[in-house]
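Join the two chains into one complex using the hints; note that each chain is given alone, in its own frame.
Residue numbers (my numbering), protein chains in the order written: chain A, 1029 to 1512; chain B, 546 to 980.
FYI, nobody ran anything at the bench for these hints, they're computed from the structure.
Honestly, I wouldn't trust all of these hints.
Cut-off 27 Å, straight-line C-alpha distance, at most; resulting in silico cross-link-like pairs (DSSO-like, lysine-lysine) [claimed, not checked]:
| hint | chain 1 | residue 1 | chain 2 | residue 2 |
| --- | --- | --- | --- | --- |
| 1 | A | K1121 | B | K828 |
| 2 | B | K669 | B | K686 |
| 3 | B | K905 | A | K1498 |
| 4 | B | K669 | A | K1371 |
| 5 | B | K965 | A | K1498 |
| 6 | A | K1498 | B | K968 |
| 7 | A | K1498 | B | K964 |
In this text, all values refer to a predicted model and were calculated from it rather than measured experimentally.
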Amino acid sequence: MPAVGQIPTPQATGNTNSPLEASQAALSLCRFPSPCHPAAPPEHMKEPLVYMRKAQGSWEKRILKSLNSMCTELSVPLARKRPIGEQKELLNKWNEMGTDEPDLSLFRPVYAPKDFLEVLMNLRNPNYENGDQPSLKNHLGLIQVPLKVKDIPELRDYFSELGLNTGQLGIDDSTQVPPELFENEHVRVGQTVLTEQDSAAAQQYVRQGCPTALRAELWALILNISNQPEDILYYEQLKSNVIQHDLLVDSLIYKDVKLTASNDDYYFVFEDYLYQVLLCFSRDTSVLEHFSYNSATPPKSYIRGKLGVEEYAVFYPPNGVIPFHGFSMYVAPLCFLYHEPSKLYQIFREMYVRFFFRLHSISSHPSGIVSLCLLFETLLQTHLPQLFYHLREIGAQPLRISFKWMVRAFSGYLATDQLLLLWDRILGYNSLEILAVLAAAVFAFRAVNLMEVTSLAAAEAVLADLSTLKVMPLLQIFLFATVT
Amino acid sequence: MAKNKNAGHKGSYGYQKLKEREPRACIRFKCALTNTILDILRQRPGWIEVKEEGEWDFYWCDVSWLRENFDHTYMDEHVRICHFRNHYELTRKNYIVKNLKRFRKQIEREAGKLEARKCDFFPKTFEMPSEYHLFVEEFRKNPGITWIMKPVARSQGRGIFLFRKLKDVIDWRKDGVRTDDQKDETQVENYVAQCYIENPYLIGGRKFDLRVYVLVMSYIPLKAWLYRDGFARFSNTRFTLSSIDDHYVHLTNVAVQKTAPDYDPEKGCKWMIQRFRQYMTAKHGAEVVETLFAEMDNIFIKSLQSVQKVIISDKHCFELYGYDILIDQDLKPWLLEVNASPSLTASSQEDYELKCCLLKDTLHIVDMEGRLTGKEKRIGGFDLMWNDGPVSRAEGNVDTPVNGSFMANTHLGYNNDRKKQLKQLFKPLHTQQKV
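Chain B extracted, bound-state conformation (with noise of 0.2 Å):
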């Protein structure tokens, strides 16, 4: 039961409650948005959907929702929700930086500078206004690179443009004028400047981005899931530093891609990250991807360790991110940005089939029905890629002691033969069950 409970309310039913993991008769669930997460709950066998005021075992939310919300309501220990409290320590572009450069200065000093490097995966940003001055220095420092200015809390690419010249800037803060109608922001909204990535790695003479699925179901301790499948978003235009006012060459993401005058909504300018590994092996060799995916995996746990001691680690919590990963031509991944409300809507029916396996695994996680053992190590198209610690390949369950060379759980872009592996998984707790 969820909201507003009163005292000495004892629940539906007249003996003891049932405990957290035990399998409930239903579950009841809100859903604030109308797309394939609706879809996939509305089909889930046991799960019925609530009315406005009714009361609740599941909230798909949405994070407005949450912020005047939340701390006014009462959760049952079953009851879970798709957000963090303060998700914004990964999500805002502002928080994210002040967190990871806090969290390099803790690991400098803890481990050394070589281990400190490791968390060089984020381009150098500065918070606007308040660290104008800095990046006035900086942009001194490397005069004629390009950087890109980006609006903290805005998603789907508006709000951004690029520059090379100061005078841009000084010419921009004077006018106080922002592109985009800012029919929800009353107050001053921050700016972060970003040194934008020149060399990005191109295919077919095009940019791309991946975007790749991390559940984070706790952050005291850290247990996160990697997604096998993603996708990379290609850019419609060919790359090229001279259009620099050109917004659908730089930005990849779909929402500003479907407004380029070329786009062919049919074309989806997409690639299933498979199809992607498959290119870069076939390219580079096997050693090198392997290093790349690496370097990736690295990125996702840095970053939720950098914000594990600030996020409100409520157990009725478990967070689903979307991140946006741009590799360059030296094959170095950099971090772009994490969406906590990554995009649900399909743009094709491949991508709507991704999104329902996606979206179907996460809510396996969840676990509302109680059939998992909590020892798994994948979950249809998860795998745990970190718990508490770093999660090897090796056989067994996630108890077992790692011995000889360690090669980590992730498996983004490989074959995903989810259906297989949940029917395994299923099957024989299913059967105990009825004991």
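Only chain A is shown next, with the shape it has when bound in the complex (with noise of 0.2 Å):
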């Protein structure tokens, strides 16, 4: 039996009794773009500050030179139609193009975190004048913008379902605790809201975690995929996209496939998924709708002689969207539960136009990067204060270690198992403040270890491995039981 004072009682959320009826409850709805005033112009449904979205215009810029000139070195069009011969071998290899080892040493990642996370950096806000030297009454880390971003007590009421007195996949399905007190209820629960196939409640269910067995269709539930006929079919157009026409992005990916994926220990097995989910994205144009409510811009190129004819501009890539090294992470923990590549496509096309896509955009939404590191720095200069202050004396900064954590939202970070319950949250919050939670409980996690390093170097080598972490147990002791 587990210690005393541990055991949690059986209940899903405050007064509620089952996620069917906290539904009904005050439950966001998930709408985009945001509703807003009716004048407001479109520029600030994508962005309502003048500041950030210069500097994410100034990022693209920069992202597109470092593509083009990359594109005129290696004498490589953007974009290529394939003879037929090449379209017949790819086709035939639809399957495994992972066998397929194509010359890619010229090919660098247009960006990566590290690089993004310079310019976030370098972020200031215009209207406010900070002219005293970082000290401890104001803030010492490395995002210097004034946004708001919310505190233990907001964050305790936020993710009350993540409390000490409440069930959760992640903590009470370990070996000891018998199944009784709430494992067996809870998968119970989960397959009425299946039968029942009610989105919301699904997405009040899923904070306590998603049972395995169910997880793939609760997912789907929340992400509103049915995968009828028509999406198939779209699917197969894209495919056939692909075939068709060579991208110079496509290198790109098969490039971070290569690096990243493939090296993992896990996701290697998954290689040619990742080929065909992210190739056909890349082509994929319903994608432009999200840049609608997404800070960023999609690259506009010319047809080839037309240079600012706005009758011959296409957007490039297709969908708008420049990978970057550790992009295909995004889709490695997906193919754990979905194996069907139309499915399993549109799953991941929605988590990107969902959340995925606020991590490497500059914008003052509260689940975008920049909100996430002024949280997770916040959160640990309030709390862990001496930490904070020693790391950033030996030239540690810890926004330096944990920003490519947050970016990857934590995949081939964490094992697999464990990534998934951090996502079940993701999705039944509908935002991504649990990684900057995450992030600082990991740091609270390891704080002895890391009071005796004396360089970057070590700090990092204390990080390196989360591998072994169980994500739910540190979330709940630094949301509820740390004292504040």
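Quick look at the structure:
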């Protein structure tokens, strides 16, 4: 039996008895773009703050420049129609593109997370005068913009279902806890939610974690993916686009998969699926719709010889998303759950346009990467000031280490089962803030060792291996069991 | 003490020799291997390595030493050695086939056809050259299926090839040439022809097999432990039947994979079995996976039972087997083979840790230190799977009567929180010892 004082009483949330009822209560509907004033100009829906928009704009210019110069250096066109022979070959090899070994040595990723961090560090609000030197009274971290982030009391309220008195998968399904206490009932409720096909209830339900056997269906329910014949047809259409045309970004995708997912101890098995998803993704123009609420703007290219002529402008790549180093890791964990290519594709696309895009564009949104970084640093500075100060003194700003975790939503850093438990909560709360909280919780967990290091390299070493961490206990302790 | 004992020699102590299960001051060991097991033995508190001719209490020997020396080595009661004299009844491909066939007939006589079908986990196999004609008959009955020719006594994938045409076999027989070097085998080698499983379960388009560890402490009565950890070994290339000559596709042994041109040593091409279990649960649901693993338990137990009467159950012996299991697309597990000397060389850091823990727990169960009561159902990562009868998961120790529905005490692919368990296990015993 677990130690006394740790046994949770199995109830869903506060007063409500089931997710089905709770869903009728205040559950934020997921609407994109968020409703706002009817007179607001479209750029405000992308990003209300001018200085953020400007920063995103210059960042984009840099990326494009990098892409264009690679293109010129290698004399590779941005897009090219494949000869028939090549098309046939690719079609035959569609299920095993990973066996291809094209020469990718000259291609470089367009950017890596650390390049992006440098940009974020230099963000400044021109209306905010912060002449004081950074001191313990104001912010000691790398992010120097005044965005509002939640503090621990607000986070406790927001993530109330993660509290100590509520059953969780990831804690209360361990072998020491008898399944009658929480797990069996939770699974039963999950099956009911699926039978009722209640998407809002599912979103409420997954806040306590998904049983492994039900996760794929629950996520599909929340993301509204049903894999209808027209969806399958659409995917096949994308596939034929891949067969017919070769894009420069394809090589970037290949390189990324080879460098990251193929070298991962667990995801290497899914290499072929990653190509099948990402190559199609690049050509999916329906993804362009999300730019109405994304601060980013898709790069435009012009048909050869018609530079500047708007009628000959096309978005490049067709979906407007330029992959960066580690991009394929957004897809890899999903391969655990979905095996049918078109369904896997749709789930990934939906996850991207709802969540992942925020992790690499500059915006003031509470789930945007800038806010997440600030939230992480604020939590650390407020609750572990000694650690924060120590790390800063030795030149190991904590964000330098945790940034890559958050940009990738921890994919490739946590063990897969733990990662999926974390992503359950991203879907459940419709927010990425949990990534910042987890990052802070990890630092808190390893604080003792971190206090003893004397260099950035040593700090990185302490935090290099997260594969043994159990995320739910870490989050619970940090949010609910730490004295504030 | 072990090795050529002289009459009248009382042992190193003047007083009565220590009883078998009493804790010893120090344990002298010898080890024939230079990999993980040697590290583990050297680190074990109170264990001392002995030089070439010294007397030993424990020997992690290799099978060739066993063959040459076992029969004329005297061993005291407490001495332990890591192989059974005639383990090859289980591990050589031609013998296991014989034993399983015989066992199956016995079950059919005693319990009927339905029960006997539970032994159908070994692909149809024929010994060569003695059963050549039976093989040809079977071959002709099933045209077009693929067969695999394996040498009976070699390991790590050597000497294996696939074929579909009888012509290939006839040519091979005529040649009399074996594909690999034969520096140690001067006699004619025996082969078996086995039905090749053409519809393996694939993950990410790749074929894989499972390596599971089973520790047998005695055959009469049969006492066997199942280790919670294990791994799935993936072929580095995509599976297709059209490439029969491609050694690398069809054989999932790490040793063969290591020589494949696109092998990346950093990759490891292995999944821990927990990851495999979670993947299957996410894909097929918990019940289906429970059934699959229960069928694997059946394979372990039936294979051991089939050799129970043949193997010389010397109380000095124990053996750690590596079982290779292949799953087909209908989620049926097949036994490929049993290894008496599963590789203890680690292919990665994670692999090293698995093998360290596996070996540590093996030594805990062998219990040279005399710390256990003998009633334990779980020691570290090992669960007692069979103790002269099925062992139930229900609370209570081995002697508790079973009531209600039976759930086997196996946890393959479950969380292996062995450190915690060992701490709880040894603490009360440790204090008892002092009395």
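**Q.** Violated hints, by number in ascending order, as checked against the structure
**A.** 4
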